[in-house]
Amino acid sequence: MTGRSELVRQVLDEYGALSQRLLASYLRQAMARDDVYQLAADYPLRSGRALRASLCIATARAFGGSVQDAAASAVSLELLHSAFLVHDDIEDESDERRGKPTLHRLVGVPAALNAGDALIALSLRPLIGNRLTLGPQLAWSILEEAERMVRESVEGQAMELRWRQTTDADVSERDYLLMILKKTCWYTTIYPSRVGAMIGSRGELDLDLFSRFGFFLGAAFQIQDDLLNLTGDHERYGKELGGDLLEGKRTLILIHTLRNAAPPERARALRFLALPRAEKPQTELEWLMSTIERLGSIDHARRVAHALAGAAAHELSICLRTAPDGRDKAFIEALPYWVLERA
Amino acid sequence: MSAPHRRTRPHPDRTEPRRTWWPEGSQSAKPPTEPAPKDAASQASGPADRPRQTAYDTVNGAYQLIDEYLRQGQRMAESIWLPSEGEHAQRPEAAHVPNRLLRAMGDMTMAWLEMLQQSAPAPGARNPAPAGTAGPFSAGKSSPVATPRDSGAVAAHAGLTVCVQASRPVEVSVELTRQLEHPNLVATELRPPAPGAGPSSEITVDVSQLEASSRVDIVVPEALSPGSYSGLLLDAETERPCGTVYVRVI
Amino acid sequence: MQRSAASGPSDPPAPARVAIIGGGCAALAAAFELSRPELEGRFSVTVYQMGWRLGGKGASGRGVSDRIEEHGLHLWMGYYENAFRLLRECYAELQRTAAAEFPWRFEDAFSPANLNGAMDWSPVKGWVPWKVRFPAMPGIPGDPDPPRFSITDYLVHAAELLRTLLSTLPVQGPKAAQPFPELKPSIPAPEQLGAALERLIKYAAAAGLTAAIEGLSWLEVLLQQLALSAQSQVVALIDMVTEVARRELAALSRGDDEVRRLLEVAELILATIRGAVRFRLVTDPRGFDAIDDYDCREWLRLNGASQQAIDSSFIRALYDLAFAFEGGDTDRPAIAAGSAIRGAFRAFFSYRGAFFWKMNAGMGDVVFSPLYLLLRKRGVRFEFFHKLTAVHVTPAGDAEPHVTGLDFDVQARTTSGQTYEPLCTVKGLPCWPARPHYDQLVAGDALEAAGVDLESQWDRRLSEPKQLRVGQDFDLVVLGVGLGVVPMVCAALVEQNERWRAMVERVRSVPTQAFQLWLDRSAEELHGDEEAINLSGFVEPFDTWADLTHLGPVEGWEAPPRSIAYFCNVLPTPAENAGDGADPHGTRFVQRAKAEVERHCVDFLSGDVRHLWPRSHAEGTFCWSALVSAPSDAAGRASGPARFRTQYWTANVRPSDRYSQSLPGTTRYRISPLDRTYDNLSVAGDWTSCGINMGCVEAAVMSGLLAAHAISGFPALDRIIGYDHP
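Protein chains in written order, with the numbering used here: chain A, 2 to 344; chain B, 399 to 648; chain C, 2 to 727.
Incorrect hints may appear among the rest.
[As the list claims (entries may be wrong)] Some chain B residues close to chain A (C-beta under 8 angstroms, calculated; not the full set): (1) 456; (2) 460; (3) 632.
Derived from the structure by calculation, the hints contain no laboratory data.
Quantities reported herein were computed from a predicted structural model and do not represent experimental measurements.
Virtual Cβ for every residue (Gly too), placed ideally from N, Cα, C.
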């Protein structure tokens, strides 16, 4: 077990550092043009895991591509990821991100919003640059993938926002999975592995296999994230405990609780969730967290995350069967396990 | 047409068995979730059983969701946004696409128009989901030919014709993994699969192009020792593998 | 947004009325689940059964001398987890709540049967039984934690089995002494695997069988890892082992039948493993279903099995036991490869207790009596003498397709409206009689005199129609009738629904024939072996034989016969369709079929049976006088072949008696009990898509559990053992 996590950490560090260098040089050029890019550069340059970039690069290399081939797409993705984070933090009214204050806390909502938009614009340029490194045909396809990915993410986010606004909406597990598929999986795991596979194999592989893998892995990742939000170690995790509940975010855990609670408990929980964040009493939050634990929702979510990681591993055995053995392949194969182990 | 309170069955979460539930390579009897309940034989399933039931159901639901989603990809795209090319575009006639991209992406150059003029097959050419009979002969792209003694035999399928000459029982499988619009295929030598076992190949494989399809002629010599021999079909221009040839001499 | 199955039908507290049509394993399994006390009366269940007894194709009756008269041969296999579990729960609950009503416990009802075999044609000795004693495995089917395998696990087991078999073979000569020079306990790393494999293959030429055995242990490990990039290497390994096995064993087997059979089995196992790898069954999401379009023999041949292996007794027995003959024609054997191999793997590698289990009385007595008594105790209502004639549905294009009505023929009514009491008692055991209790029925004498065939879908004489309407008489329907009946009663569904049309066209049933003998000669006097055996794979017309002498004491003989034998086989589908024109009630058709079977029986006993029972013939004639008749039977005074009339035989040609087949290319047309095309209907039966798509008790029970899940959400699908299974 530890061997695998070690490998994942190493690869993430290495590709992370690589993306950071590329990002930094890319942003330097942009920052010279306008200050807004200064602001925009804040999030990308805070240290993070670079999971998405790493998955993209590793998949490309596993199928015979080079780092140079995949670099632009990886950078583009990290920029987009930062854009989403900026906007998410505003929507969630979060205070902290990766150990520092969120951007909108630093410079106010309007400026942060604009910085997020700037990041989106920035994320497109590298994809255009692919035309020269990868040839027009492949660059075109990647651009299409990016369009699809952005659209899905936006739609997924819209689904989630709707739920937060109508707090008594009866959200099922299946609805949740669909929302996760669109909002998180596409840009975290599906797009990076599809594009990486596309680059590495020069468009030869069946990409739907990666969609399946990406969905299961991303879903396991998200559920694990949600679990950490309620039960994780605050310092290592990087966000506040119970924050999701304060935001009224519909997670698998919360869905399970609402479904299995007795009617008076359910009503009480819904009332809590409907309150604005600032008005949610701490005591009620604690009650809700202990109810969640008591109804077995934490265990349920753990089991589901575990099973989804297993499904991801299974899909991988099919996706990667033509890839020769090597460090990149081992890294990808280790991801389903790492997703469950990380804190 | 139903009375106001007509009782109906509940909607099932699924209607098919899960035939690949156990991921390969895992220990034989363990599911990815927690151990089996201890009460199987003498107690009914009921609310007490539910945690295990829902964990399985959730993941089964996830499988169904992604399968449906992939099937519907195209339709979903169309219903919400402008018509999307989806996963596997039929590229050349998409005149409206660059306009949308122009608007969405900003500053464009002639390079995009240049890309439009490429008439290349779709990237990630899609292998259809398993359908029809399984086997090395899947997706209707090739045909198995088991020849009786003393005769040549011909099998034809869309895009591919296979002719075999052998004076002893052989089993032949030719599989095309990529359909090319203008195929120009060439076959490598057929060799036994054991590495380092040397070239076989007095088996000759000739590929010729008919109008829109390819013809593969295989001649198996009399004196060949029994065993399996396989080789590749390559695209002559790009040297990329497009298929396999497999001959088993019985 | 989906409603979860576990939430069930919504609010009104009054129970939902479920009409279960049919009284066989499938229908009663559904009734068992829906009437569980834990469901707290959410469903009010009524079982509609034609004729006087429950059981469907598993029904049995007590005839003259209270002898057991079965529909056919019923042996339960050790992998029938759901069937055994259900029955054990039934027995346990009956013990707790109504012990006085049924005197036997489960242990009294079922016994392990460990000696089985297939008839083998030896070039040296002619027909010889190939007897196999399967080792007893721990536990009893229906225990918790059943074994669960992936395809890889099965393949590993198969390789292990073969290695064990080969290792037990005494290897003669100088080669026996040479150990494999680099005996390593584990497979080398992938990069070195190629080279190591090459060495092994080269060595095989010299070392022969030892190398093959070593190769098999490598195969087991490789299969467990089964990196698909190693596929060609795995195939090469299998080829090597096959090659060696054939070469080495072919020489040995010429004089030795044991070795020859072993070679045949070895080839079959290797062909199966090879096929599973080549056809990528291990990762195909359809599992074994992926090869269901092939016939099993055809598929094995495609994967390198020789003609001899394919014609072996083992394969013949498999086809015989599954009545796998298209149109009942024994010259056209056919069975879907995937379903057959799945069944074989489960039968061989996941059985518990014994490979086969015998019942210690008739199946009706041991299975359907306790089920009937328990269900009645729980409040399930039984309407005997109700024969379904038509299912009515909403018109095509309706927004909510559902069943609107059910038409029945009421074949008889009880006098003074009492509930019909169907059972009789033989030696303290509640049983089903071979004929109805006419004395409980209105105009029973007339019914008896007219000879109405109450178990024939065709015979509609002296019955009155009855119509049930949805909302009034029932809410939900479980259709548990036999496959042969479905096209006759579901014309409305077939007409408007594409899938139902395809299903009745493609999924087929076949008539069977069976006979039972009671003899005053012992096993030793008939065939020289003392131990009871079940054998299959013999010649037509009766290729399957079971020795059930142990049933003698529960029948009503003054002195139990010294042998009891059951034979059965498929029956070719007769050309004419009964039930129209000159023979509207099918009576002549049934009589003709019965007469034809009698001829088959007499011919068989006059001839081929001597291969099974060498001592039963004296001077070229069968020992007809050894046949035991009931004292009251006039035919008992006859001699010679006419004495056969004292025995029991049956031609199972009536629609609901036909056996459900799994022909190649047809399993995908089966409809699942979970299918919700009609929102108040679920189908049940071994002809449905129920996980194990074969005609057997386990499939029927699984389908009944699925139907119950469809109606109520319980049991959970993962409680149906073997439903989720490659």
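How the hints compare with the structure:
1. 456: 5 angstroms, holds
2. 460: 5 angstroms, holds
3. 632: 13 angstroms, violated
Hint 3 from the earlier list is the only one contradicted by this structure; the remaining hints agree with it.
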